[in-house]
Amino acid sequence: MRNLMRASLAIVLKDLSIEWRTKTAFASGLVFAVLMLAVLYFSRDPTAVSAQDIAAGALWVTFTFAAMLGLNRAFLLENEQRAIDAILLTPAPRSALFWGKFVGNLVFVGMIEAISLPLFVLFYDVVVWPYLPQLVLVITMSTVAFVAVGTLFSAMAVRTRYAELLLPLLLLPFLIPPLVGGVQLTARLLEGRPLSDLSGWLRLIGAFDIAFVTLAALLFEVVVEE
Amino acid sequence: MTRIERAHRLGRVGGAVTIVALMGVAGIYVRALAFTPIERFQGAAQKIYYIHVPSAWVALLALGIAGLLSILYLWLKDRRIDLAAAASVEVGVAFSVVLLTTGPIWGKPIWGTWWTWDARLTSTLFLFLLFVGYLVLRGVLTDPELRGRFSAVIGIMGLVLIPFIHMTVYMFRTLHPAPIILKPSPPSLPGSMLVTLLSSFGVFTVLYAGFMMQRYALGLIRDLREEEAAADA
Numbered sequence: 001m002r003n004l005m006r007a008s009l010a011i012v013l014k015d016l017s018i019e020w021r022t023k024t025a026f027a028s029g030l031v032f033a034v035l036m037l038a039v040l041y042f043s044r045d046p047t048a049v050s051a052q053d054i055a056a057g058a059l060w061v062t063f064t065f066a067a068m069l070g071l072n073r074a075f076l077l078e079n080e081q082r083a084i085d086a087i088l089l090t091p092a093p094r095s096a097l098f099w100g101k102f103v104g105n106l107v108f109v110g111m112i113e114a115i116s117l118p119l120f121v122l123f124y125d126v127v128v129w130p131y132l133p134q135l136v137l138v139i140t141m142s143t144v145a146f147v148a149v150g151t152l153f154s155a156m157a158v159r160t161r162y163a164e165l166l167l168p169l170l171l172l173p174f175l176i177p178p179l180v181g182g183v184q185l186t187a188r189l190l191e192g193r194p195l196s197d198l199s200g201w202l203r204l205i206g207a208f209d210i211a212f213v214t215l216a217a218l219l220f221e222v223v224v225e226e
Numbered sequence: 001m002t003r004i005e006r007a008h009r010l011g012r013v014g015g016a017v018t019i020v021a022l023m024g025v026a027g028i029y030v031r032a033l034a035f036t037p038i039e040r041f042q043g044a045a046q047k048i049y050y051i052h053v054p055s056a057w058v059a060l061l062a063l064g065i066a067g068l069l070s071i072l073y074l075w076l077k078d079r080r081i082d083l084a085a086a087a088s089v090e091v092g093v094a095f096s097v098v099l100l101t102t103g104p105i106w107g108k109p110i111w112g113t114w115w116t117w118d119a120r121l122t123s124t125l126f127l128f129l130l131f132v133g134y135l136v137l138r139g140v141l142t143d144p145e146l147r148g149r150f151s152a153v154i155g156i157m158g159l160v161l162i163p164f165i166h167m168t169v170y171m172f173r174t175l176h177p178a179p180i181i182l183k184p185s186p187p188s189l190p191g192s193m194l195v196t197l198l199s200s201f202g203v204f205t206v207l208y209a210g211f212m213m214q215r216y217a218l219g220l221i222r223d224l225r226e227e228e229a230a231a232d233a
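Residue numbers (our numbering), protein chains in the order written: chain X, 1 to 226; chain C, 1 to 233.
Bound-form chain X, shown alone:
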């Protein structure tokens, strides 16, 4: 167990330090998120629909698309000069690679979300301050869901020539439960309703998290075995 955690942490730190030195993926992910928020603001008829009405949807479409662009990066990095073979040759357990990439992706997507959330408040003129802890909980739960499935699928997608195309194709059906749940919960939080009103959605996303993090961790070993 300790061995697994140490190896996973080493992979997380390796990936984050590469990202820290180049900042390419992070910067482009962030700019993409800002662009999405701005473009979606104009995707309505301002005389009929207020910005607040589409705010929750805009936030979640932005988060999922920005995450999807970032997810392939984790394994594309390892594909160059087949660096992944070197990782698999080390005595570290295979699952360390999954947990390392999973946590690395969570940090990456989490940082983009943390920066775009204040911009979202600014652009859409919504009040989130009183519900911030609940909102962060909802965002964390949904993000865990799509990063888990995304980490598994990107490990497969990068083995093909069409990684950029295949990942969204395979991943989007799996985003329906966390995305719809995230939008529903966010919309109600922005209306100032208590979270206890929404326990059904929270339970659904919670169950999704448990089922798919477990399944992704198990199936990942099938994907990387040589």
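Hints may be right or wrong, so weigh each one.
[What the hints assert, rightly or not] Here chain C is said to cover these stretches of chain X; the calculated rule only asks that three of the stretch's residues, wherever they fall, bring their Cβ under 8 angstroms from a Cβ of chain C:
hint	segment
1	147–161
2	164–177
3	180–186
4	196–206
[Said to hold, decoys possible] A few chain X residues that don't get close to chain C, going by computed Cβ distances all over 12 angstroms:
hint	residue
5	ARG2
6	LYS14
7	ARG21
8	PHE42
9	VAL49
10	ASN79
11	ARG82
12	ALA86
13	PRO130
14	ALA211
15	PHE212
16	LEU215
17	ALA216
18	LEU218
19	VAL222
20	VAL224
Hints in this document: simulated from the structure, not taken from any laboratory.
In this text, all values refer to a predicted model and were calculated from it rather than measured experimentally.
Virtual Cβ for every residue (Gly too), placed ideally from N, Cα, C.
Given the coordinates of chain X, work out where chain C should sit on it, guided by the hints.
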């Protein structure tokens, strides 16, 4: 008899089964149109039921079998299981197309709309899209071993996803009640309608078996030929 010859024979048997099933489908058409009463409220539009519901059954059967074969493949690592799973997905996708085409044709006169985001419609649509993704993934992978493993992963993930999508849309609907009552609870069928429907289920299942045998045989032949070509090179 060589493996190739056996595969060819299986294909021919599958072809014969398919022909029998297609004659059965023609029989169902005749029975549904000429010998089954017209439904009182829906009129002639209800006749599509005898094609639509059996297609739904076969689509779910095919994709469910594909999911189970995926689990079996990861366990036994036999390439033929992977070929069978892929054959089942392809047939399932074809029947899903029938399902998703006949549904709106019925929906327009009865519901007054071609499409609605009801739980069953939405899960069928995403199931269909997911397995199209499965076939695309298979198409871009050339290494059969890698293709088998990756397809199995998608198959298993899909099997677990469907109940979640169903629940999601169900909750989405119950929180936002639809303005139109979408579907009245099905009336108990008169005997003649039930006979038509049940024979249609049987015929469609045989049709699935016929398609599946042919598609599997084709996959097998292709696999063996590729093996031969690799051995010659």
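Non-interface label on PHE42(X), tested against every C-beta of chain C at 12 angstroms: 25 angstroms, holds
Nearest-CB test (12 angstroms) between chain C and ARG82(X): Non-interface label on ARG82(X) holds, nearest chain C Cβ at 14 angstroms vs cutoff 12 angstroms.
Would ARG21(X) pass as off the interface with chain C, using Cβ distances and a cut of 12 angstroms? The assertion about ARG21(X) holds, with a minimum of 32 angstroms to chain C.
For PHE212(X), which was marked as not at the interface, is the minimum beta-carbon distance to chain C over 12 angstroms? 7 angstroms, violated
Was VAL224(X) rightly flagged as not at the interface, with every chain C Cβ beyond 12 angstroms? Given that some Cβ of chain C is not farther than 12 angstroms from that of VAL224(X), nearest at about 10 angstroms, it is violated.
Please settle this one: ALA86(X) was flagged as non-interface, so is its CB more than 12 angstroms from every CB on chain C? ALA86(X) is indeed farther than 12 angstroms from all Cβ atoms of chain C, at 19 angstroms.
Check the non-interface label on ASN79(X): least C-beta distance to chain C beyond 12 angstroms or not. 14 angstroms, holds
If we take the beta carbon of VAL49(X), is the closest beta carbon in chain C still more than 12 angstroms away? Correct as stated: the minimum Cβ-Cβ distance to chain C is 16 angstroms, above 12 angstroms.
Status of the stated non-contact between ARG2(X) and chain C (beta carbon gap over 12 angstroms): Non-interface label on ARG2(X) holds, nearest chain C Cβ at 29 angstroms vs cutoff 12 angstroms.
Holds or violated: is the Cβ of ALA211(X) farther than 12 angstroms from all Cβ atoms of chain C? About 6 angstroms separates ALA211(X) from the closest Cβ of chain C, which leaves it inside 12 angstroms; violated.
Counting residues of the segment 180–186 of chain X whose CB is closer than 8 angstroms to a CB in chain C, do you get three or more? holds (count 3)
Cβ contact check, 8 angstroms cutoff: the segment 147–161 of chain X against chain C, three residues minimum: Since 6 is at least three, the answer is holds.
The structure is inconsistent with the numbered hints 14, 15, 16, 17, 18, 19 and 20, although it conforms to all the rest.
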